Amino acid sequence: AWLDLVKKGTLQQDEAFNICVPTGNFGNILAAYFAKQMGVPVNKLICASNRNNVLTDFIETGVYYKTRPFYQTTSPSMDILISSNVERLLYELSGKNGFEVRTYMNQLASAGQYQVSATLAKALKEHFAAGYCNDEETKATISRTFQKGYLADTHTAVALSVLEEYRRKSNDATYTLVASTASPYKFASSVFEALTGKAPEDDGPALLEALSSLTETAIPAPLSGLDKLPIRFTETVKKDELHRFVGRQLGI
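All residue numbers for the sequence shown refer to the working numbering, where the first residue is 194 and numbers rise by one.
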């Protein structure tokens, strides 16, 4: 995406820019951090969360606190309280100090929280900013963004909403790349409701057609006609039987 912006002349090759990522398990934004370490001129990495704002609190305070209410939101890929890739970030920021990071992870497991050192907390704020929004703000952002010509899914809308608030608070006018991490058709019900103000009557293939007609956008090829394909898998496995089931399938 960065190279595309450079080729288009939107950015100069050495021009700093921000990246705003809707974040749950910290994987995509960690990849952006690695890109920065490899020489991509990233200024600030903006971590966008939904109501499960454990990462916002962590980046702002240096305290990771998982013992908190868990909320089911319209951006479910971000509904998470233990963000496993944070461990990898801390390993890098600590100078690959495995003992220090292991201590934090043990504290998280035993006490439900940990507080990083002042040095690590400073490094977090040097590279990252953070914010969060609720479902109502997400819906409003989807509607507002569509009026400007872009159809966003719920996760991308979280990032757009957080970016707006970040700019308002920081006055940072740096060009920002927003990572769009999902298709609006994957979360068609929430997107449809955001655009029409009412819940859809159908949540199956008819909903995809309705969203396509409403927005004049094409249904992604992997979803188009999906209801007409044969059902390949019908077996349901209980959690405590998964290990044996996998073994049987592999013949071991």
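Hint data in this document are derived by calculation from the structure and do not stem from the laboratory.
Just so we're clear, the structure is a prediction, and the values are computed from it rather than from any experiment.
Mixed in with the good hints there might be a few duds.
[To be verified] With a straight-line Cα cutoff of 25 Å, these simulated DSS-like cross-link-like pairs (lysine-lysine) come out: (1) Lys341 - Lys229; (2) Lys229 - Lys315; (3) Lys379 - Lys315; (4) Lys379 - Lys391; (5) Lys229 - Lys259; (6) Lys201 - Lys229; (7) Lys379 - Lys318; (8) Lys229 - Lys200.
These are the hints, each one checked on the structure:
no., hint, verdict
1, Lys341 - Lys229, "violated, 30 Å"
2, Lys229 - Lys315, "holds, 17 Å"
3, Lys379 - Lys315, "violated, 37 Å"
4, Lys379 - Lys391, "holds, 18 Å"
5, Lys229 - Lys259, "violated, 28 Å"
6, Lys201 - Lys229, "holds, 21 Å"
7, Lys379 - Lys318, "violated, 33 Å"
8, Lys229 - Lys200, "holds, 19 Å"
Hint compliance for this structure: hints 1, 3, 5 and 7 are not met, and every other hint is.
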